[in-house]
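Asks: Using this note's numbering, the first residue of the sequence shown is number 2, and each one after it goes up by one.
Treat the hints with caution; some may be incorrect.
[Claimed, not checked] No more than 30 Å apart at the CA atoms, straight line, and that leaves these computed lysine-lysine pairs for DSSO-like:
hint	residue 1	residue 2
1	Lys130	Lys237
2	Lys446	Lys241
3	Lys335	Lys237
4	Lys335	Lys446
5	Lys241	Lys335
6	Lys394	Lys237
7	Lys345	Lys446
8	Lys130	Lys241
9	Lys335	Lys345
10	Lys394	Lys245
11	Lys237	Lys339
12	Lys394	Lys279
13	Lys245	Lys446
14	Lys390	Lys237
15	Lys394	Lys241
16	Lys446	Lys237
17	Lys130	Lys245
Hints listed in this document are in silico derivations from the structure and should not be mistaken for laboratory results. Computed from a predicted structure; not experimentally measured.
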Amino acid sequence: MKLRRSLNLYDSISLMFSSMVGPGVFITTGYILTQTANPNWALLCWILGGFLAIAGAMSYAKSASIFPYAGGDYVYLKEAYSPIVAFSSGWLSLSVNFSASISLSAIAFSKSFLALLNPSWDIYFLESKFLGITFSLGVAQILGISTILFFSIVNFFGIGFASRIQNFFTTFKILGLVAFVVLGFSIGNYNIQNFESFSLVPSDLHGWNLLLAGAIPVTFSYLGWNMITYVAEEVKDPEKNIYKSVIVSCILVTLLYVLINFLYLSSAPVELLAGDEKIGVTASGFLFGNGVNILITAFICWVFLGGISAYIIGGSRIYFAMARDGFFFPSMAKLHSKYHSPYKSLIFQFLYACLFCFVKEIESLLYLITCSTLLLATITAYTPVIFEKRHLKNEFKIPGYPYSTYLYILSNILIIGTLLYNKSAEALWGFGFTLFSVPLYYYFKLSKKSQPISIETISEPELEAGGLSLLPENEPVPVGSGDPA
């Protein structure tokens with residue numbers, strides 16, 4: 002049983018847009034200002050982040066157009082490198098990237114929702130620190146877990162139903178963000194003098210280090226630019242719609258992010274905004290008056306909910322792809338007979354994502370996710386280069402390729418180094434999750450759970466040689482356009 006190609010271009014753009022526009026745009030600029038304390042540099046971070054997101058997304062989309070199947074980078078890494086590299090990527094997506102992003106969005110929603118109802122309700126019952134990260138249990142955690150459960154149930158009824166819900170959230174999200182930008186520039190109390198006393202770009206090595214440190218939370222805010230690759234097997238006419246959805250959504254999100262953050266940074270002096278994890282609400286109060294705080298907070302809650310829905314759709318397909326290839330519990334590859342949803346993957350994802358809800362500080366989750374995501378994205382971005390060397394080509398063209406891909410990889414390496422220097426505990430947690438994938442890989446291999454579900458005729462020598470393909474049953478194998486290497 003295969004996943005159905007039921008997502009049209011608007012569905013794909015909606016999923017991409019909603020997965021990218023999540024908690025980051027409403028919370029991370031306050032963290033950026035604690036690193037740079039310069040609004041010009043903070044805005045430059047958002048512009049840089051947009052270019053990197055587009056470069057990374059185009060590289061992923063090129064690989065997705067060659068292998069348009071569920072699982073995203075897990076598929077490309079398996080075909081480009083080896084099963085253990087693919088498993089490591091799948092494990093990171095499973096253990097951190099999607100699961101923790103679901104939890105971060107859920108906790109951010111809970112805290113905003115409690116602030117909307119009654120801030121005094123946001124209390125903790127238990128709290129403990131372990132290896133540099135504080136874990137807690139409180140009202141926000143309980144509400145967040147309930148929210149994840151709700152959207153997991155929605156996705157149980159299939160991609161068609163889930164995408165309609167997603168489109169509903171995305172439509173109002175787009176209207177709300179556009180309205181914020183239009184009203185902000187037309188009637189908002191913004192003041193460009195807040196930028197005038199600061200330098201435009203760093204002039205020394207220390208300044209560039211601060212800029213890269215500020216780019217770390219921005220990188221998190223743009224996460225989701227690879228979402229379409231995880232559901233590529235369900236996209237209609239994938240060779241056209243995948244890259245179109247990538248281009249449209251990334252450009253739209255970058256433009257919105259830059260305009261929104263210009264309004265944030267021009268709403269008040271930098272010392273009033275630095276470190277504020279609710280900077281979206283705070284800046285809106287300065288722009289329009291405190292009377293809009295309730296409306297803005299409600300809208301932010303809406304955006305968080307849309308992000309949770311999108312992450313759950315994409316993340317569950319990774320576990321499905323890993324299990325279908327035999328590198329995860331076989332039951333995760335089962336589809337519901339009626340709704341064609343990977344329902345067991347959804348159940349597992351819900352249970353695992355709940356664990357991250359107990360991380361108290363949203364900022365800690367943000368840096369942990371960013372580190373593991375950049376590790377994965379750096380090696381995945383190189384896969385289209387490998388495929389071209391193997392003559393697996395198509396009509397998809399990347400502007401500036403391959404230099405845009407190399408620039409993206411180099412930028413990621415610099416940001417990872419900066420993250421290690423400035424946020425060591427969170428970065429080491431990210432590396433720890435990566436290293437843990439090695440024993441897990443051999444566990445599944447040695448326990449014979451790595452035997453493919455749909456391809457029983459592959460011999461053991463072929464398995465050892467890495468000859469097993471992730472391509473689903475009855476799908477055509479991409480044909481190289483040139484001579485064999």
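Asks: For which of the previously enumerated hints does the structure constitute a violation, in increasing order of number?
Replies: 1, 2, 8, 12, 13, 16 and 17
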